[in-house]
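Engineer: These protein sequence lines map, in sequence, to chains A and B. The numbers in my numbering rise by one with no breaks, and the one at position 37 of the first sequence is 37. Throughout, my numbering is defined as the position within the second sequence, counted from one, plus 289.
Hint data in this document are derived by calculation from the structure and do not stem from the laboratory. Warning: the hint list may mix true and false statements.
To be verified - Listed below are the simulated DSS-like cross-link pairs for lysine-lysine, each with C-alpha atoms no more than 27 Å apart in a straight line: (1) 7(A) <-> 403(B); (2) 540(B) <-> 583(B); (3) 24(A) <-> 433(B); (4) 283(A) <-> 583(B); (5) 296(B) <-> 623(B); (6) 283(A) <-> 386(B); (7) 623(B) <-> 7(A); (8) 605(B) <-> 546(B).
Said to hold, decoys possible - Here are a few chain A residues that face chain B, going by a calculated C-beta distance under 7 Å: (9) 46; (10) 115; (11) 118; (12) 119; (13) 276; (14) 279; (15) 284.
As the list claims (entries may be wrong) - Cβ-Cβ distance ranges computed for the label pairs, FRET-style: (16) 28(A) <-> 495(B): 12 to 20 Å; (17) 18(A) <-> 443(B): 21 to 29 Å; (18) 3(A) <-> 352(B): 33 to 41 Å; (19) 443(B) <-> 265(A): 50 to 58 Å.
Just so it is clear, CB atoms sit at the ideal spot from N, CA and C, and this is done for glycine as well.
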Amino acid sequence: MNFERIKTRIYLFWRYFTKWFLFKLFMRYYWIEWILPFHVINLAFGVLTYVYFAQSFQSSSAFYQQYGGDFLSFLILGVMLNSLLSYTLDAYRLATLSLFRTRLGSGGQQMGVYDYLKLSGTPLSSHILAEVLDGYLEELISLLVYLLVGLLIGLKIQGGSYTTAILGMLLGLLATTGIGLISASMITIIGAWKGVEPIRWLVGLLNGLVSGVYFPVEVLPKEIQDVSLLLPQTYTLKIVRLALLRNFGIGELMPEFAVLLSMAFFLFSIGIILYKYSIDLLKVKTFTE
Amino acid sequence: MNLYAIKTENLTRIFTRYNYLGAHVDMDYDNNPGGLFLSIYNRLFNRSVAKEKVVALDNVNLKIEPGKLVCLLGPNGSGKTTLLRILATLLRPTSGKAYVMGHDIVKEEDEIWKYLVYIAGLLTGGAWLDMRLTPREILTIQSKLYNFPSDRIFDALKISGLEEVANVKVSTFSTGMLARLSLAIGLLRDSPVYLMDESLGGISKEVVEELYSYIKENLIRKKGATILYATHDLYDAERLADEVVLMHGGKIVAQGKPEDIILSVCKDHSIELEVLNCSKDALRSLEGVAHVSKFVVSRTQVEGTLKIIMYTSEPKEVLPKVISIITEKGVELKYIKINKPTLEDVFIRMFGKKLR
């Protein structure tokens with residue numbers, strides 16, 4: 001690929017990415033008007049449920065001591081991170097499907113975003129990434145709501161190691177992006193474009209029970225704890241919680257960081273390879289073959 | 290070596306069609322027979338999903354020189370759309386090669402868009418039309434995405450006859466107006482090759498005439514562009530196309546100038562007449578005229594009136610003889626005309642049915 005070609009591709013990417021992202025941003029007005037207020041109330045009520053849930057425990061369990069002893073802070077951080085990581089698992093699959101959901105036509109004549117991008121020479125990645133980023137914006141708003149409501153009702157993050165937490169979160173996002181890309185590639189590889197995608201489903205199923213979103217992993221029986229070691233979410237939650245609630249630094253969390261880094265590298269690489277293959281396969285197979 | 294605007298070599302596209310529980314499932318998006326879970330279910334309950342191979346394109350060899358309007362004709366399912374979608378890189382061929390302005394559509398997939406514009410018909414072109422916007426806004430967005438000068442928007446509105454409704458929301462448009470706007474979006478771009486997939490369907494005859502004039506004058510004559518237009522309109526194809534390509538069952542069955550194809554398939558003209566009070570003797574005389582290959586008589590709804598069609602390769606010799614017999618035998622003539630064979634006749638002759 002020569003320099004001019006790369007330049008053109010970058011230009012085409014950027015042209016569509018900015019325009020589509022700004023368009024989506026502009027179209028958020030309906031979301032702000034019709035969804036956000038209800039969303040905020042839902043989240044606030046959800047957090048309040050956790051508050052009373054936490055009060056019923058009174059932080060009495062010894063399991064919480066290693067996380068600072070405050071169940072509410074433990075829980076709210078878990079729910080916030082879980083929301084972000086769960087979106088990451090879905091983001092690429094949903095963005096890929098959005099290439100085709102807008103199709104119009106009949107029989108052999110079908111046109112949609114995918115065709116539009118191809119006919120204008122625009123890299124598909126510009127649409128995918130704009131869609132993903134738009135979803136992250138929505139997630140960011142949810143996180144802020146969680147944080148604000150949490151702070152109002154007693155979330156305590158004082159003197160935490162923010163750098164460690166952010167680094168852990170970024171590695172967690174990279175690893176779950178890898179799973180998300182693998183999940184997205186299943187659209188064409190196994191034809192999972194309608195209903196449940198099995199890989200995402202399995203990870204989501206295990207995540208709720210074993211990764212420690214709502215309670216410490218240590219509560220679980222040994223065999224289930226072993227399963228939790230397979231999920232990047234487990235390490236991400238542990239790193240962020242210990243960094244923010246107990247001020248642990250990178251050095252103290254080195255074993256978790258090492259595993260998470262390996263997972264991020266491995267899963268992201270596999271994800272990219274499979275996703276690229278699946279997009280290529282799409283041109284050969286079409287959706288229905 | 291000639292540079293063809295479009296060239297294909299043994300281009301083949303095979304789709305997989307599923308025969309699920311005895312019912313055929315079409316190849317479109319909503320009828321997918323299912324993924325992993327359904328596959329497991331089928332295996333568990335011994336339900337078979339038979340896969341069939343559907344040959345949408347079968348070793349298509351096509352050469353189109355630059356600067357021509359070529360009409361792609363064929364019945365539904367003959368492979369026209371598949372061919373256009375492959376040339377536009379929206380679909381990959383199963384085997385064979387295709388080139389647009391000398392560029393390989395597979396090897397140079399990311400570059401092909403520079404050399405062609407694909408104009409979908411109303412059926413699919415609606416994908417470009419945001420019903421919340423006006424034609425001017427839609428064309429402005431397109432011009433920004435494709436980098437056209439803004440004066441092209443005015444041109445596009447003018448040629449599509451939408452100047453007066455340029456600032457009216459598209460949601461209020463009629464079918465014809467939507468079709469015109471869909472076409473205008475495609476014509477905004479300069480390109481050496483235009484692929485049109487039934488793009489003029491749903492537009493009134495007068496506007497179609499204007500659009501044809503624009504295409505021939507501005508795109509073909511002035512800019513030397515090549516148009517490959519898939520259509521069902523045989524009348525327009527015969528009148529306006531430099532060449533026609535006839536497809537059937539995924540194959541090209543004929544390619545050439547419309548008149549050459551017509552002559553090669555249907556040599557005979559038909560002399561059609563309606564007569565009143567035609568005696569048996571007169572009828573026998575007419576039937577006995579030399580050079581008539583086929584003589585067809587039918588009764589019309591008006592009592593005593595017969596419709597006669599005489600097929601001949603020598604209409605100039607046969608016509609005076611027919612008139613002479615009618616005059617001599619005292620037959621009352623309602624009308625008489627010579628019909629040249631048309632593409633419609635070619636289709637009837639080749640496939641045994643009209644093109645629909």
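Engineer: Which constraints among the numbered hints does this structure fail? Numbers only, ascending.
Structural biologist: Hint check: 2, 4, 5, 7, 9, 13, 14, 16 fail, others pass.
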